[in-house]
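Asks: As a plain string of letters, each chain reads:
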Amino acid sequence: DIQMTQSPSFLSASVGDRVTINCKASQNINKYLDWYQQKHGEAPKLLIYNTNNLQTGIPSRFSGSGSGTDYTLTISSLQPEDVATYFCLQHSSRYTFGAGTKLELK
Amino acid sequence: EVQLQESGPGLVKPSQSLSLTCSVTGYSITSNYWGWIRKFPGNKMEWMGYISYSGSTSYNPSLKSRISITRDTSKNQFFLQLNSVTTEDTATYYCARLTMMVLIPNYFDYWGQGVMVTVSS
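Line by line, the protein sequences give chains A and B. Take 1 as the starting number for the first sequence in my numbering and just add one per residue. Take 1 as the starting number for the second sequence in my numbering and just add one per residue.
It is possible that some hints are incorrect.
Stated by the list, open to error - Straight-line Cα separation of at most 27 Å, DSS-like style, residue types lysine-lysine; simulated pairs:
(1) B:K44 <-> B:K75
(2) B:K64 <-> B:K44
(3) A:K102 <-> B:K64
(4) A:K45 <-> A:K24
(5) A:K39 <-> B:K39
(6) B:K39 <-> B:K13
(7) A:K45 <-> A:K31
(8) A:K31 <-> A:K106
(9) B:K13 <-> B:K44
(10) A:K24 <-> A:K102
(11) B:K13 <-> A:K24
(12) A:K102 <-> A:K31
(13) A:K106 <-> B:K44
(14) A:K31 <-> B:K13
(15) B:K39 <-> B:K64
(16) A:K45 <-> B:K44
(17) A:K24 <-> A:K39
(18) B:K44 <-> A:K39
(19) A:K102 <-> B:K75
(20) A:K106 <-> A:K39
(21) A:K24 <-> B:K75
(22) A:K39 <-> A:K102
(23) A:K45 <-> A:K106
(24) A:K45 <-> B:K39
(25) B:K39 <-> A:K31
(26) A:K45 <-> B:K75
It is worth saying that the hints were derived from the structure and are not from the lab.
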């Protein structure tokens, strides 16, 4: 099974900061990597699919990049409403999740 | 708008079966794929399985023969049954829709809010 290593586990940043979250796969996942945002008590929300495709309705400050085994979610200018947990998901071979990154405001 | 809502008992005894329902509105479950995912205390997430637009299923091998996903197209619902539960099955259970690419399941685009299930005597 493909393992996903997500970092950091916890992130504290200020409004306006550029934030990056990383996921590393145990093998090449051919860009089949998605990013989700989850706020407490809410359903996970799809942000980015297949590495770099912005889901409809998601602000353009969110972007994704990567290839092979290494992938990144970037928030270009952090907003207060971005406080949430973020997780990655590979769907190259079945489905496996990153452990999540809890993002808070400094 | 596509909406999914999980329902079912919040407490199950060890060795019994866990049964959950996902009610879908705004989209027919005879299209796309429909899956179950769970999030354990401590936030680890696990894909459990899915059912296709045609009723075929695929399961996480780690759940072996304990899992069954079925559907009722007349009610636009699909179901999760997990047998012989233990305390390690305590989790928040989510249902979600999978997009398709050339009839192959792709990524999860719509999720329910989740239902917390505790396994305890």
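Asks: Confirm or reject each hint.
Replies: Results for each hint:
For the given pair, K44 of chain B sits about 32 Å from K75 of chain B by alpha-carbon distance, which is inconsistent with the 27 Å threshold. For a cut-off of 27 Å, the pair hint linking K64 of chain B to K44 of chain B stands: about 19 Å separates their Cα positions. Distance restraint check for K102 of chain A and K64 of chain B: the Cα-Cα separation of roughly 32 Å exceeds the 27 Å cut-off, and the hinted pair is therefore not satisfied. Between the alpha carbons of K45 of chain A and K24 of chain A the distance comes to roughly 21 Å, so the proposed pair stays at or under 27 Å and holds.
For a cut-off of 27 Å, the pair hint linking K39 of chain A to K39 of chain B stands: about 14 Å separates their Cα positions. For the hint pairing K39 of chain B with K13 of chain B, the CA-to-CA distance comes to about 19 Å; that is within 27 Å, so the pair holds. Under the criterion of a C-alpha separation no larger than 27 Å, the hint pairing K45 of chain A with K31 of chain A is consistent with the structure, at around 19 Å. Between K31 of chain A and K106 of chain A the alpha-carbon distance is near 32 Å, which puts this suggested pair outside the 27 Å criterion.
Straight-line distance between C-alpha atoms of K13 of chain B and K44 of chain B comes to about 22 Å, which keeps the hinted pair within the 27 Å bound. Simply put, K24 of chain A and K102 of chain A have alpha-carbon atoms about 17 Å apart, close enough for the 27 Å limit, and the pair holds. The hinted pair formed by K13 of chain B and K24 of chain A fails the criterion: a straight-line CA distance of about 38 Å is larger than 27 Å. Distance hint between K102 of chain A and K31 of chain A is fulfilled; the C-alpha atoms sit about 23 Å from each other, no more than 27 Å.
Proximity of K106 of chain A to K44 of chain B is assessed by CA-CA distance (about 25 Å); at most 27 Å being required, the pair is judged to hold. Among the hinted pairs, K31 of chain A with K13 of chain B is inconsistent with the structure: their alpha-carbon atoms are about 41 Å apart, more than 27 Å. A distance of roughly 18 Å separates the Cα atoms of K39 of chain B and K64 of chain B; the hinted pair therefore holds under the 27 Å criterion. The straight-line distance between the Cα atoms of K45 of chain A and K44 of chain B is roughly 17 Å, inside the 27 Å bound, and the hint therefore holds.
Between K24 of chain A and K39 of chain A the alpha-carbon distance is near 23 Å, which keeps this suggested pair within the 27 Å criterion. For the suggested pair K44 of chain B and K39 of chain A, the alpha carbons sit about 16 Å apart, so the restraint of at most 27 Å is met. Simply put, K102 of chain A and K75 of chain B have alpha-carbon atoms about 37 Å apart, too far for the 27 Å limit, and the pair is violated. Taking the CA atoms of K106 of chain A and K39 of chain A, the gap is about 17 Å. The hint holds against a cut of 27 Å.
A hinted pair counts as satisfied when its Cα atoms are at most 27 Å apart, and K24 of chain A with K75 of chain B does not qualify at roughly 40 Å. A C-alpha spacing of about 10 Å is found between K39 of chain A and K102 of chain A, which places the hinted pair at or below 27 Å, so the restraint holds. The straight-line distance between the Cα atoms of K45 of chain A and K106 of chain A is roughly 23 Å, inside the 27 Å bound, and the hint therefore holds. With a CA separation close to 15 Å, the supplied pair K45 of chain A and K39 of chain B stays within the 27 Å bound.
Simply put, K39 of chain B and K31 of chain A have alpha-carbon atoms about 24 Å apart, close enough for the 27 Å limit, and the pair holds. The straight-line distance between the Cα atoms of K45 of chain A and K75 of chain B is roughly 25 Å, inside the 27 Å bound, and the hint therefore holds.
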